[in-house]
Every structure is written in C-alpha cells, then in structure tokens.
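Spelled out, the chains give:
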Amino acid sequence: MPRLFIYVGLILLLCLLIPPAVIARVRVTPNSNLPVHFIQDMDFQSKFKAQSVNPLFADRRAVRPPVDSTVARGETYVDAYFYDGVVGGQWATTLPPQIPLTMATLQRGQQRFNIYCSVCHGETGAGDGSVNQKAMELVANTNGPVNGTVWVQAKNLVHDETVSVQPVGQLFNTITNGIRNMAGYGSQIPVADRWAIAAYVKSLQRSQNAHPSDVPAGVTLAEAK
Amino acid sequence: MSRFLFPRWTNALLPFVLVLGAVAPLYAVMFVAYGFSPKTTEAGYMPVQPVAYSHAVHAGKLGIDCRYCHTTVEQAGFASVPATQTCMNCHTQIHRDSPKLEVVRKSYETGMPVEWIKVHKLGDYAYFNHSAHITRGVGCVECHGRVDQMEEVSRVSPLSMGWCLECHRNPTDRLRPVDKVTSMAWDQKAEMTRQQREALQQTFNIHPSENCSTCHR
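If you read the protein sequences in the order shown, they are chains V and S.
The opening position of the first sequence corresponds to residue 1 in my numbering, with each subsequent residue numbered one higher.
The opening position of the second sequence corresponds to residue 1 in my numbering, with each subsequent residue numbered one higher.
Since the hints were derived computationally from the structure, they do not count as laboratory data.
Everything numeric in this text was worked out from a predicted model, so none of it was measured.
We put the beta carbon where it would ideally sit given N, CA and C, even for glycine.
Keep in mind that a hint or two might mislead.
Said to hold, decoys possible - Chain S side only, calculated, beta carbon under 7 Å to chain V, not exhaustive:
{"id": "1", "residue": "Met46"}
{"id": "2", "residue": "Asn89"}
{"id": "3", "residue": "Ile94"}
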C-alpha cells in the first residue's frame, strides 16, 4: 500500500476530531451574536410581545404610552384617602379602610420595605442601606467625589424626629411622590403595597422605641416573636 | 483491453472501510445531537447591551433585590425590564457624570427608551409565566443562573422544551420557600432536606402539567 494513502487517511481521521472540538468550545464560550436557529419552526412570528420593538413609531415602542388625560379602568384616583393619604385636608393618621391592619399587611410591608426601601434606609430604617453606604464612600473619595456623585445621608426613619412624628398618610405620600433627593416610587410599587410599607415603617418606629411594659403580662419574649 | 483493476493491496482496506461505514452514521448522529442542541446554539448568548450595566455590582455587591427593578415578575407572565426612571432613582445623584450612563441620561431627558437586548428569548409559540413560578417557590437562579455574579448577563440555560420538561417532570428539587426566591446564593439542596422540599410541593400543590396547551397556545 502506498505510504501516501496511509498518511492521508490518518489526517482525515484526525480532521474528524475538529467538529466536536469546535462544538465543545462553543458550548463554554459566551457569544454576542444572535443564536443560530437551524430549524426555524415558528420561533419568530410577526407579532408584538411585551416591551418589544415596533420600528413604525418614533420611539420604537410596540406598546403605546396612554394618551394624555386618559384614565384606565380601575384607576380613577377619586379616593383621596386611599390614593393620596389625605383625609379632610390633613395627612391620614390611620390606614384607609381598604388596608386592614393585620399581621399579614405588616409582613407584606416588611417584605416590600426590604426590597425597595432598605437599599438606602437599611433594614432597620437606620439609613445605613448598601446604596447609601456606597454613595457616602463615593462622595468621601480622597480625589473628590467619583463621577460627580452628590449624596445626602439617607434619613434614619426611626430616630430622625422629622420622620418619626409623621402620620402614616404623610409617609405614604413620600413613598408615592418622593421628597427632596428621594424619587417617588408610585410607578414601581402598587398602592396597596405602599400603604403596607408605610404601616411597616410605623411599626419599625414603634418597635425600636419599645418599653418592657409593652410586653403583655404573661407573654415571654420567645412567644411574642 | 485496459480494464481497471483495484490493486491487490486494496483488499487490506476492506475492514477499515467497513468500520468507517458503521461509524460514519453514528458520527453524523452525534454531531447533530451535540452540535445542533440548544445547549450549543442557544446557551451562552451574551449580547452587548447599550449600557454597560453590571448585575454583579447592583444585585451582587449592593444586594439590591431582583424585584426592585423587575417589578412585574410576581404579578405578570413577563418580568419587565425597568423604566429609565428606575435607574435614575439613584443615578440622578450617584455617578451622575459617568460616561457609562450617557445613554441612560439621554433616555431620561428625551423620553426615548433604552433599547436593552433581550437575552432570554423563547420561541414565539411558547408562553412562559414568571409569576406562576416565582410565587410558588421556583427561584430566579434555577433558570437564570448566578446573575448576581455576572458583569454582563449571559444565558446559562438552553431554554429548550426538553429542558423545561426536566423540571416539570421532577420539580421537587427545584423548590424553595417563597421568601428565598430571589436569593441567588441560597441553595435548596444544601439548606433543605428532600422531605422539606416534598412538603413544599404539597403546600404549593405543585403538579406541573406536561400538556401541550400549558405552554403552547
């Protein structure tokens, strides 16, 4: 048998190893190109899904922002107590009738507080959340604030007297519309959750100003928890 | 009469040809199964986003909950990409001159959206519902991987139908308490016993459907 045939045969056999090696490499390497669809099925249909692009509009949003002054069903905002936290021109001091003051409400408030508020105000409300700490670091940088960062220490929701005296309706309003440097969270948090958070802030304040006499007679700490 | 005859030494090749003939189909099948699998073609997709946003910093280092930005994930099928306003909650003050945020600031001023690129794209005939999974103890990390460690988000799962069914046929080990759903580092296999996960499955009444119409409409 001519030598040439043996060599060519061996090289061809070795070449068979290349495709698996390439595939193995593709599997472990991130790729910024669109995934290849060998079989198209109906993967790409001419319809719009949530937050997709429609190039016909100037802003390329497939979903159209509502026309100014339109009111969606169920969003009438006529209940000033529920939507603004105002009763008779004053900040509401109790929760609106739609929000019962139950343990479930407070626990919901705690969970939502820890998602949306604790990043700046800290889980105890002390104003020591991770974003606040980071921002303070950026401002205190020795060569001047990084990237023009400005920051005012987040409020201590429990011990700062301007906050601790606020009625629950005013807290609700601050969550909704923001105040000073804090942005409003009305678009991020549904109205019932904002009330739950306001109630939870009140309970944070109450719990950190607790007195032994607050514990009902005959209840031990383990039970009270 | 010049008829071509194979030289005598070609007889020695016959066994090799037979072996090759037997192995070649196998090779082709393996090549398609391995190479055309969504684990090869779909997983690892890491598009270059218009803003160099780092989940590793925001969700990882700062520990911001997933739901701070992806607010609809518990109520809706679609986990929304946040509005520019959400970025600007902090970035009107923090890193407000950073060149990395130029696109975000422009979007904030003009009202034009930042055109984030979708990483986890399903076929248009498949309807995945985030809220159905999130509110019954399937953690974000099960499908999205350790996003809190990703500088740039890439797709860790093939998101193929076979991959969905793996879990739909055996959901027990993918379940965790609802309050741990967004905890990326929390691992139910390390923190819970199998019995506890089975109890969770009972509590949530989880019997995942394998019917076509569950996901395809």
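Results of checking the hints against the structure:
no., hint, result
1, Met46, "4 Å, holds"
2, Asn89, "4 Å, holds"
3, Ile94, "5 Å, holds"
Violated hints are absent here; each numbered hint is respected by the structure.
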